[in-house]
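Take a look at the letters that make up each chain.
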Amino acid sequence: MKKVSKEVLKDAANRLMFDMSDEQYNILLDEFDVITKQLELMGEIEGIDKEDVMTFPFNCEVDFLREDEAATALTQDEVLSNAGSIKDGQIKLPKVIG
Amino acid sequence: MSNYLDLSIKEIHSALLKGETTPLELTKEAIKRAKANKDNAFECLCEEKALLKAEELSKVKVPEDKIMFGIPYVAKDNFSTKGIETTGGSDILKGYIPLFNATVINLLEENGAILIGKATLDELAMGGTGTTGHKGITFNPYDKTHTRLIGGSSCGSAVAVSDAIVPFALGSDTGDSVRKPASNAGLVGYKPTWGQISRFGLFPFAPSLDHVAYFTRSVEDAALMFNVLSKHDENDSTSSFKTRLDDYSKLDGNLKGKKFVVLKEVYDSITDKVIKDKFDLLLNKIKEGGSTVDFVEFGKKLLMAIYPSYIVISSAEATSNNANLDGIKFGPFYKGNTYQDVMMQARTKGFSPLIKRRFVIGSYSLMSENQEEVFKRAQKVRHLIVDRAKELYKKYDSIICPASPSIAPLVKGASNQLNDTYLIADNWLAIGNFGGFPSITIPLGFEDDMPFGVNITSDAFKDFEVFNEAFAMENILGYRDLSVLNFKDKEGK
Chain S
0 MKKVSKEVLK DAANRLMFDM SDEQYNILLD EFDVITKQLE LMGEIEGIDK
50 EDVMTFPFNC EVDFLREDEA ATALTQDEVL SNAGSIKDGQ IKLPKVIG
Chain G
0 MSNYLDLSIK EIHSALLKGE TTPLELTKEA IKRAKANKDN AFECLCEEKA
50 LLKAEELSKV KVPEDKIMFG IPYVAKDNFS TKGIETTGGS DILKGYIPLF
100 NATVINLLEE NGAILIGKAT LDELAMGGTG TTGHKGITFN PYDKTHTRLI
150 GGSSCGSAVA VSDAIVPFAL GSDTGDSVRK PASNAGLVGY KPTWGQISRF
200 GLFPFAPSLD HVAYFTRSVE DAALMFNVLS KHDENDSTSS FKTRLDDYSK
250 LDGNLKGKKF VVLKEVYDSI TDKVIKDKFD LLLNKIKEGG STVDFVEFGK
300 KLLMAIYPSY IVISSAEATS NNANLDGIKF GPFYKGNTYQ DVMMQARTKG
350 FSPLIKRRFV IGSYSLMSEN QEEVFKRAQK VRHLIVDRAK ELYKKYDSII
400 CPASPSIAPL VKGASNQLND TYLIADNWLA IGNFGGFPSI TIPLGFEDDM
450 PFGVNITSDA FKDFEVFNEA FAMENILGYR DLSVLNFKDK EGK
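So the protein lines, in turn, are chains S and G.
Position one of the first sequence corresponds to residue 0 (numbering that gives the first Met the number 0), numbered consecutively onward.
Position one of the second sequence corresponds to residue 0 (numbering that gives the first Met the number 0), numbered consecutively onward.
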């Protein structure tokens with residue numbers, strides 16, 4: 000397990016495209032004292048790492064293909080109605096390629 | 000008007016059929032009560048729309064086969080509602096107006112139910128206290144001094160039903176977010192088998208654990224509601240194709256021959272004598288009714304690992320499910336030099352500190368160095384826990400245990416998050432989410448005028464059996480139609 004430090008937590012936050020205040024990183028660092036102990040409880044189960052992972056409660060089996068039906072889900076105006084920055088019928092963003 | 004809103008859905012429907020009240024009268028009264036409530040239960044009220052619909056419905060004959068016709072209800076603010084601002088309790092979705100209804104909202108609409116408001120919740124349903132939404136703390140209506148929580152994340156929905164504003168409310172349950180507040184609020188809280196109720200339009204938190212769930216004031220109402228909501232939905236890829244029963248509300252309450260199992264470690268880790276005594280009393284009664292009850296060890300190490308595996312899986316899934324909250328497609332837009340700047344600002348300013356810390360736990364779990372030892376290990380623990388529960392279901396019909404180790408926690412209370420009471424008795428309900436098992440909490444008793452509940456959890460697709468067992472216990476306990484308005488009359492029973 001990667002050793003927890005303020006830098007590691009900042010990296011974890013930045014990977015998700017947000018930042019926190021220094022105070023919040025310090026609170027989280029303290030919380031990780033408890034979290035780490037809780038995470039260690041998982042490792043105390045005998046033979047745990049030989050088990051298979053479970054990603055969903057059970058498989059949802061589908062044994063047929065549905066018909067393709069053309070439909071318009073949303074109009075352009077509807078799609079743009081919740082965007083904060085629009086121009087000429089499109090969402091406007093800063094340049095991606097220089 | 001008389002207190003129709005304190006009654007069950009079935010009783011209100013009967014009053015509507017007899018013409019004793021109308022959808023308009025009910026809706027006006029519900030809105031009046033919602034406005035009078037001081038517990039911070041609402042994100043918004045849909046007064047105009049609700050009254051308009053109620054007026055229309057009041058002009059037509061009440062259909063006998065539409066049990067929810069003309070009855071007001073409340074939905075947690077993480078269900079998409081067309082044309083009604085839906086924020087999930089987060090500033091990052093301030094101003095977001097969905098373009099479609101969640102499937103469950105549509106089903107209730109088709110059946111004539113009237114949405115009067117959107118309820119408060121922990122931010123994006125990620126929390127169990129009802130304190131982290133952008134509207135602040137939601138309080139327990141049983142405690143007028145506002146020193147106790149109702150719990151979350153479906154806090155506002157729980158208030159709306161327990162304070163007799165509406166007879167039912169939609170919530171969501173990823174760890175215990177309906178069944179735990181139900182315990183704190185003296186309500187029936189039902190989480191169905193995973194896939195039995197469509198999640199289309201429910202803001203995803205952790206889809207492998209998320210369930211649409213709901214509060215009612217009687218078990219029969221919960222079963223009636225299941226009849227309406229449990230339909231296959233092609234918009235939800237995880238919606239079950241299994242055939243549903245014609246009617247889940249034909250309950251006989253017969254306990255004869257039923258086999259219940261109490262998880263010994265859950266029972267042993269509860270120190271509250273009042274809760275244990277009342278639970279013991281219930282066990283004696285159900286044995287008198289012809290059931291057997293065994294105390295069995297689940298495996299302490301497995302139970303101690305429920306919370307860490309839950310927090311890892313849910314936080315990790317939440318990181319990707321909330322990646323779309325970027326301030327671009329929706330959410331407040333902040334100018335920046337790059338699109339990364341735009342996103343960083345929106346997400347830094349839009350999420351509250353607590354939810355960011357949860358996201359960081361998820362992000363940390365998914366780092367390549369941690370995947371085996373944290374994320375995958377949590378998924379392996381989940382597998383073992385579900386296997387153990389299924390092993391028990393080969394021999395027993397249902398697990399029964401107190402839903403919570405205590406009455407509703409204090410607002411300023413602090414708990415030791417490493418002891419057995421917290422890790423086991425306060426978190427065992429997540430077994431239901433791990434396995435997608437049907438699970439119901441019903442009121443069990445009172446301590447210091449505060450309610451507490453008992454939970455019954457069974458194997459997947461045994462929804463009817465769970466309703467029937469809970470119905471029998473509700474008859475024994477006598478807490479049907481409980482609310483803050485009438486609990487004093489029922490408390491001593």
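Since the hints were made in silico from the structure, they are not lab data.
Keep in mind that a hint or two might mislead.
What the hints assert, rightly or not - Okay, derived cross-link-like pairs now, DSS-like style, lysine-lysine, Cα gap no bigger than 27 Å in a straight line:
no., chain 1, residue 1, chain 2, residue 2
1, G, K37, G, K487
2, G, K489, G, K272
3, S, K36, G, K263
4, S, K36, G, K34
5, G, K411, S, K36
6, G, K411, G, K275
7, G, K263, S, K86
8, G, K487, G, K272
9, S, K49, G, K65
10, G, K9, G, K65
11, S, K1, G, K300
Keep in mind that this is a model prediction, so the values were computed, not measured.
inquiry  = So, against the hints stated earlier in the document, which numbers end up violated here?
reply    = Numbers 4, 7, 9 - these are the hints that the structure violates, sorted from lowest upward.
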